[in-house]
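Enquirer: Protein chains in written order, with our numbering: chain A, 569 to 931; chain B, 569 to 931.
Check each hint, because a few of them may be wrong.
Where chains are identical, the list cannot tell them apart; a pair therefore holds if satisfied intra-copy or between any two copies.
What the hints assert, rightly or not - Pairs of lysine to aspartate or glutamate residues, derived as DMTMM-like cross-links and limited to a Cα-Cα distance of at most 25 Å, are as follows: (1) K738 / D857; (2) K738 / D841; (3) K763 / E800; (4) K787 / D883; (5) K738 / E840.
Please keep in mind that the hints were generated in silico from the structure rather than gathered at the bench.
Protein chains: 2
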Amino acid sequence: MANYITVSYDTLFAFTKAVFTHIGCNDADAFAASKALLSADIRGIDSHGVARLSGYIRLWQAGRVNATPHIQIIHETPSTATIDADGALGLVAAQQAMQLAIKKAKQCGTGWVAVGNSNHFGIAGYHAMLALEHDMIGIAMTNASALVAPTFGKEKMLGTNPIAVAIPAKTQPPFVADFATTTAANGKLEILQRKNEDTPFGWVQSADGTPSTDAHILKKNGALLPLGSDREHGSHKGYALGSIVDIFSAVFSGASYGPWAPPFPAYIPMPEDMPGTGLGHFIGAIRIDAFRPADAFLMHMDRWISRFRNTTPIDAQQPVIIPGDPERLMEAERLQHGIPIIETVMNDLNALATSLQLKPLSV
Amino acid sequence: MANYITVSYDTLFAFTKAVFTHIGCNDADAFAASKALLSADIRGIDSHGVARLSGYIRLWQAGRVNATPHIQIIHETPSTATIDADGALGLVAAQQAMQLAIKKAKQCGTGWVAVGNSNHFGIAGYHAMLALEHDMIGIAMTNASALVAPTFGKEKMLGTNPIAVAIPAKTQPPFVADFATTTAANGKLEILQRKNEDTPFGWVQSADGTPSTDAHILKKNGALLPLGSDREHGSHKGYALGSIVDIFSAVFSGASYGPWAPPFPAYIPMPEDMPGTGLGHFIGAIRIDAFRPADAFLMHMDRWISRFRNTTPIDAQQPVIIPGDPERLMEAERLQHGIPIIETVMNDLNALATSLQLKPLSV
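Chain A on its own, in the form it takes in the complex (with noise of 0.2 Å):
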């Protein structure tokens, strides 16, 4: 069994601050990549967050990260805009794309901002969250490095690209759903390596595009497999969603698309002839009022919710949830309790605030 060390939010925050300080962030920057970034180990999705922190300095170094931006508008109508990050951290740029699509809505009802020359940017339900306080509806998703083979292909041509959605309701908690279009996201492989056991089918094929078992196939030129698995089971839907998120996210924005998206680790050279800069996302802020008064919406968006969470369930042991709930009770317990880190990951943590000259993680 792996072992884990409870470190507080507080702590980890103070840490991952200091390192993005470290590599020449400014104070707004690193308080805001520090805040997309963790919000994924509190929220329970522990693949995303500080796990990735030494990847991102490692693109850092390799001059793939730039600490200090200009970012800038670069193409706008008035319900829309395009953003070039100018090769910042995703955790950033998507919270400032955010912040322009939250005005423009304010202006026309809704905004969508395409952002290009970008980086990873977190766990997208994070962003799309940030429109809520503002009573609008948040949208956010990303491609990344191709892991993904499309249907009838071998290849791998798409990021697991997720997409997020957050509703807020007026008694209830909001709707978040927050989801890679691939069967399995790849953090669920990477559990299953370290307990060295093996997926179910459906998320994975080997090499020659064969059904696999293997969690370590991606290391053997496999690859993840769209929603739904296999074509009987409609992974062709699996793989136009995916795609709708790369066009979406790095076509319009003049980021780089397909298999020539950036990979995340910076040991891995950048694809040849590639058709745009860097990593796109895809952000949108839709006013709840803008489509009927702002009371009839949220008191709506509560039956809607309550209804489904009153489902029938197939083992009343096991309710029917609403999307977000799982992410929302960890996050509560996390904030309260600490985030357990498993022991690799310290060591990693530990080992960069070596190499950067930084205090260790204290527990």
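Knowing the structure of chain A, use the given hints to seat chain B on it.
Expert: Leaving out everything else, chain B in the frame of chain A:
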């Protein structure tokens, strides 16, 4: 084996338009409804075309479809609007919504229209593709009668709630995704029912929530499964996606949502305590020059499409396809050689003609 009778598109169109005219639609509406309905037949989605014509007429006979609606805008911002369809055929109302979305996109970059108090609109792809000729991306979704159980539930709570996204390219044909947010659409069950065959596991569950392969299971209180089939293969993602379609289509517009969506078969009583009126749709249009110059966007879509088309295939005989390819090939074939109508549907159409004192479908 089932018998098919091949009918030309023009013959089928004249017949369909005569039926819609008979119930009181004006010429423009009868034309628009026939175009939308038959787009399913020519694109090969036989379950959504003339096979449903008598179903639409029964809804009109039951007073649930208004052939002479007063469709009006009831809420508006610069980039959004809500339409009360006044009980119109969704086939007609969704097209008016797309015209309004296009008008708003011309002014604001994007236009988004929620439609309430509506009925079934045929295939989502038809409405989305209307934006293409205006150099826009089209988006269409709709809620529908509840046939789908959410993850962990045994109650039918959502419709097959399709999403369509149509994206133009320069020299390549457009990318047209159009898919139900379930593993398999109801039409696929109907095909198996006619052949007396079972479904694969992962398409449906029985009344108590256990996995089933019975193609007739919906008549036995069973349910369709969300895209992903089961929790282990991501059904919570399909459930989230179908929920987003339900909320955007019906909670935005004041239509009835979730298990309260009006049933398509006119003999099924309307649900009690409905939280809204009719079905809802959500329609969007995005100008291709809203995020970058139009020509750059179109050129990169060409590159995106040709790169994905050339993905290394698993089987050289089955290349990777682009969403919309099979339907476009089918359309070319059927416009030239006619549309095969299964004998039971032909008999149903001629019984409809007799009951309405119209000329039978001449072949």
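Enquirer: The structure should be examined with respect to each hint, and the outcome stated for every one.
Expert: We went through each hint and held it up to the structure:
Proximity of K738 to D857 under the C-alpha cut-off of 25 Å is restricted to the intra-copy arrangement: shortest distance 13 Å within a copy versus 37 Å between copies. For the homomeric pair K738 and D841, the shortest alpha-carbon distance between copies (20 Å) is at most 25 Å, but the shortest distance inside one copy (50 Å) is not. Taking identical chains as interchangeable, the C-alpha atoms of K763 and E800 lie at most 25 Å apart only when they sit on different chains, with a minimum of 17 Å there against 30 Å within one chain. When the C-alpha separation of K787 and D883 is checked against a cutoff of 25 Å, the pair qualifies only between copies, where the shortest distance is 22 Å, while the shortest distance within a copy is 38 Å.
Taking identical chains as interchangeable, the C-alpha atoms of K738 and E840 lie at most 25 Å apart only when they sit on different chains, with a minimum of 24 Å there against 50 Å within one chain.
When each numbered hint is compared with the structure, no violation occurs for any of them.
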